[in-house]
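Protein chains: 4
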Amino acid sequence: MGSERYVDKGYKPYLAFDERVKRIAELPGVSGIELTFPGDVNAHNLNLVKSMLGSYGLQVAALGVELVCDAEWQTGSFASDDPERRQRAITLTKEGMEVAQALGVDVVSLWLGQDGFDYVFQADYARAWRSLVTGIKECAEFLPRVKLAIEYKTSEPKMMCYVNSGGKALALAQATGCENVGVNLDIGHAFIGRENPAEVASVLLSENRLFHLHLNDNYGIADDDMPVGAVHWPQLIELFYRLESLAYAGWYSLDLYPYRDDSWEACAASITFIQQVCDLVEDPSFAEELHKQQGGAPSKVLHWLYKKALMH
Amino acid sequence: MGSERYVDKGYKPYLAFDERVKRIAELPGVSGIELTFPGDVNAHNLNLVKSMLGSYGLQVAALGVELVCDAEWQTGSFASDDPERRQRAITLTKEGMEVAQALGVDVVSLWLGQDGFDYVFQADYARAWRSLVTGIKECAEFLPRVKLAIEYKTSEPKMMCYVNSGGKALALAQATGCENVGVNLDIGHAFIGRENPAEVASVLLSENRLFHLHLNDNYGIADDDMPVGAVHWPQLIELFYRLESLAYAGWYSLDLYPYRDDSWEACAASITFIQQVCDLVEDPSFAEELHKQQGGAPSKVLHWLYKKALMH
Amino acid sequence: MGSERYVDKGYKPYLAFDERVKRIAELPGVSGIELTFPGDVNAHNLNLVKSMLGSYGLQVAALGVELVCDAEWQTGSFASDDPERRQRAITLTKEGMEVAQALGVDVVSLWLGQDGFDYVFQADYARAWRSLVTGIKECAEFLPRVKLAIEYKTSEPKMMCYVNSGGKALALAQATGCENVGVNLDIGHAFIGRENPAEVASVLLSENRLFHLHLNDNYGIADDDMPVGAVHWPQLIELFYRLESLAYAGWYSLDLYPYRDDSWEACAASITFIQQVCDLVEDPSFAEELHKQQGGAPSKVLHWLYKKALMH
Amino acid sequence: MGSERYVDKGYKPYLAFDERVKRIAELPGVSGIELTFPGDVNAHNLNLVKSMLGSYGLQVAALGVELVCDAEWQTGSFASDDPERRQRAITLTKEGMEVAQALGVDVVSLWLGQDGFDYVFQADYARAWRSLVTGIKECAEFLPRVKLAIEYKTSEPKMMCYVNSGGKALALAQATGCENVGVNLDIGHAFIGRENPAEVASVLLSENRLFHLHLNDNYGIADDDMPVGAVHWPQLIELFYRLESLAYAGWYSLDLYPYRDDSWEACAASITFIQQVCDLVEDPSFAEELHKQQGGAPSKVLHWLYKKALMH
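Quick note, the sequences are listed as chains U, W, V and S, same order.
If you count the first sequence from 1, position 89 lands on 89 in the numbering used here, and the numbers rise without skipping.
If you count the second sequence from 1, position 265 lands on 265 in the numbering used here, and the numbers rise without skipping.
If you count the third sequence from 1, position 57 lands on 57 in the numbering used here, and the numbers rise without skipping.
If you count the fourth sequence from 1, position 34 lands on 34 in the numbering used here, and the numbers rise without skipping.
Each hint should be verified, as a subset may be incorrect.
[To be verified] Simulated pairs of lysine to aspartate or glutamate, DMTMM-like, Cα-Cα distance not exceeding 20 Å: (1) K94/W - E151/W; (2) K94/U - E138/U; (3) K137/W - E179/W; (4) K307/U - D283/V; (5) K12/U - D82/W; (6) K292/W - D82/V; (7) K137/W - E207/V; (8) K307/S - D262/W; (9) K9/V - E66/S; (10) K308/V - E289/V; (11) K12/V - E156/S; (12) K307/W - E282/W; (13) K308/S - E265/W; (14) K12/S - D8/V; (15) K12/U - D70/W; (16) K300/S - D82/U; (17) K300/S - D81/U; (18) K308/U - E265/V; (19) K50/S - E19/S; (20) K9/U - D70/W; (21) K9/W - E66/U; (22) K292/S - D262/W; (23) K9/V - D8/S; (24) K12/V - D70/S; (25) K94/W - E179/W; (26) K22/S - D40/S; (27) K22/U - D255/U.
Calculated from the structure, these hints are not laboratory results.
The structure displayed is predicted, hence computed values, not measured ones.
Based on the sequences and whatever the hints tell you, model everything.
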């Protein structure tokens, strides 16, 4: 549908869940889908969803607990200053983890976009941080075999979010002391946070905390959620190279928001981009030639990359 | 209501037009309201609206032609590549100008947020620019006594907008060759465009092209539309000082979007801020003391401002 | 040499002018060089420089008047509040224009990086704007056959610069009323100003005001002056396509600042990138295929571009 | 002196160390100074410096190990891919810690501005991260009573730095497993990283990892190092309030870079700002009134702050 602040009903008709699944299944190269709990799937429709996805040959890549997109979360979820709200977030997350387990899904994603603040003096930051750590720890210990992937983002919907960088997400995961707390890296959120996705991914992989990936692109300021490759080719080539070298074993999930674009076409373009880049970087010659360029003038690597990756 | 991408129905109930007017009239220090055409006022309800506003003692500060907030404008308005759409924008603007004239309103505001592009290779920029110039010129010449105030903004809803800076808006106004084309300076748009509002206002006043002002505040990245004073005190003090010195004769209009805040309170806080700052800078001692500080070390002026404007 | 705030002597030895020219001449694909006045060339060494460049087969692409890189300009040049300083800027620019004419150079570039302010209340913006307009007009009228190309930039060295966007530069050129005042578009400055270089170039070409180009790349925040192609491939492909379609007739000038990189290699990599992209977009099939993609879903053009321009 | 990329010799004469100390001692309200090792103080001049500072009544607030501002560090320090360089950084840091101990200084600050990268494919991020963790851990264990304060920054001098956010610095400290590794929060670096300094400070204090503070201000994009209060009054008022409430016990250190401004005046203005804000927020009425405002409409707190802190 694509709601936004300006055109609240979006620019195109709303698609029901089963219609969306059907269209996703028609995308070449897609073998899974990311679902939200409890909107898309829950304890009641679990088997129905399972069999529907099975009929399309789709796996569930990850389950996202919905803690943002309803006015009920406007004071926050895990970090709300309202203890009942915090408890509700914990309970819902545990239920989501159980559904994930029942579905055979490894990764539950938590995007805490309402845990933040709009103005100065609105929030008690130290208390909020402790609530985040203890609440997520409680969930993680509830089902240690389910991985919790925290999705960080600088801003939105709250003007300022607590879990606002790759580093903050890593620090939060470490502070819980739980090995099953890690990060869902949305590479667009990395770009708007002035990070290089390949760098964040490498650090997280090196700490065994990269559990999931959201792929999209933007102009470096706002979370445009444009097709992969709309802006950052060298950065994306490097990202997929690092993921391959460091043996990332999770999913490549598209998180696009094509306001005025056709959703299916935006996904198809993204998939083409990803496949072409993977073909390029997974060829053994790529790593071999790269290593030969490194160590000299830094721009020699760029020069090589231009010849290797840019059609001419 | 406060729709957004995440919570499409917003965080609070929708208020009907007359209810909104009633609440605005209750704000201390408010003597006018900005209306949209044809949503709030049009040829059919003109007299009704006039008499309702009159009963509240409210004037119409400016009339904004609605060319953004409906899916029909998704290819743009004045700069759309669809000639029918461009014609529709011109016709609607002329009708809005007539309604403004009938209401005794000097300024018609044009925000062209759909005139832009999302991806590379999507738009024909040179053609779009010529369409902007000729379309706005046609409207301006239609009723030369009505002032057209172009509101610029870097981005949103299109990822990239054509009229994206104070300079671009000024260049567009100049290119029409019409004296009744100028700028609606939204100071939040100035901040996200890395401009200093006081500087833009001064240049536009010096060119007789500052026709209207939208006041709000933000963190310098996105168009947060927070209460005036949420972030930039020295910049706002300077802005109101320059407006006063350069004899700006237009309205101070609040353009807030308090997603999760009470709209009335957000306006009331903004009005307090503006009044306090105006009291400060309009006192003759302010200009006198300021001039004594200037010419020495640049930070002497800051030092003076801290003592003058910050409570201690 | 590459001075910076942190390592004031830079990271590598200083190269004398003739040594730099020699190395530049060794770059494949280079036929001209941009000089500064009065540092590199002036009335005294004019013939010497001419014959030296001739011996290397190099033309002069543009002459930049040096109005920034000396402490004498710290209050500004054309817009300084010191009338003697403003006069000095005008005189120096006129002298530079005469040298340009003597050299047979069409374009004199003016970068006014000290014309701006650091703090609020430091500058008189309205007066500064009028000084810019009248000073540049005086120079332009002095030698109407020499083109003055204003180089805009958001920031640096002053924290905030007056001529801070493509729009502002265009508005300034228009305000002089002189046809020989236009813009030197540094595409890195466009990126940090949240502009799309292809869009700015198209608007300026459509107004006959694009006189010169500085090419480089950056991460979208600071003026990194990295090799062309370090970040923005689709945006650069579009830029060169638009320049070609709109028949830009000026130079492609590299403006890099390879702090910790080898300057020659950084230029060589950039030249490879530019040549490969030009080969791509100048092939008639590019425009033909592009036109076939346009008009449908916006991402279809991206999809096509991925297949056309990304090696796989 | 104030070197920069454009005016490499800066805009004013260089001051020798003892002259700088003398001028700093003349600033009202200053009781300490931050020194660099080995530039300002080292094993050889230790007693001399001690007695000179004593004669001015100045303590040493913190000791910064110089690992950035010399071409020798261009491949990085703790995270360099050159093992000898990494060893040199470790050795120098240990020596600095010993000098700090001899001076009775608690905090050694480490700013790792060369540990990062300019281009894609230039660095091995996973290896670099491990080098950071192990190198800093080795130093921290060497003298556990000396606190190591990591200063983070998004960018500069490397285009992209590894320790680029408050979260990353916290994660790094946690990863060492050492209680004496924490953070030097430069609030200007927080602003350019889209963080709210009060929030970062609160989280770090809650984790016992806020060891030092650098105070300055900027426009939110680049590290302008302007006087405190040049831009962000509400954010700074909140920062000092949180530091007071959470019992921060470290120093308030000014880190300004007044290129074209008088250094002494820039410091004096900053000190006035800090003192006035501290007077305001340390008054018991501030906290009392604040608590009464919280819990209602978020802008009620802003409204109260305007009346409380803005002169009228």
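Verification of the hints:
1. K94/W - E151/W: OK: K94/W and E151/W at ~17 Å, within 20 Å.
2. K94/U - E138/U: Judged against 20 Å, a Cα distance of about 9 Å means the pair holds.
3. K137/W - E179/W: Given that 20 Å is the threshold and the Cα spacing comes to 10 Å, the pair holds.
4. K307/U - D283/V: Roughly 18 Å between the alpha carbons, so the hint for K307/U and D283/V holds.
5. K12/U - D82/W: Status holds; Cα separation ~19 Å.
6. K292/W - D82/V: holds (17 Å)
7. K137/W - E207/V: holds (16 Å)
8. K307/S - D262/W: Holds, because 19 Å separates the two Cα atoms, which is no more than 20 Å.
9. K9/V - E66/S: holds (16 Å)
10. K308/V - E289/V: holds (10 Å)
11. K12/V - E156/S: Within the cut-off at roughly 18 Å; holds.
12. K307/W - E282/W: At roughly 17 Å apart (the allowed maximum being 20 Å), E282/W and K307/W satisfy the hint.
13. K308/S - E265/W: holds (17 Å)
14. K12/S - D8/V: holds (14 Å)
15. K12/U - D70/W: holds (11 Å)
16. K300/S - D82/U: Roughly 19 Å separates the two Cα atoms, so the pair holds.
17. K300/S - D81/U: holds (17 Å)
18. K308/U - E265/V: holds (17 Å)
19. K50/S - E19/S: holds (15 Å)
20. K9/U - D70/W: holds (9 Å)
21. K9/W - E66/U: holds (16 Å)
22. K292/S - D262/W: holds (17 Å)
23. K9/V - D8/S: Between K9/V and D8/S the Cα gap is close to 7 Å, so the pair holds against 20 Å.
24. K12/V - D70/S: Between K12/V and D70/S the Cα gap is close to 11 Å, so the pair holds against 20 Å.
25. K94/W - E179/W: With Cα atoms ~17 Å apart, K94/W and E179/W stay inside 20 Å; holds.
26. K22/S - D40/S: holds (14 Å)
27. K22/U - D255/U: This hinted pair holds, its Cα atoms lying about 17 Å apart.
Hint check: no violations occur; every hint is consistent with the structure.
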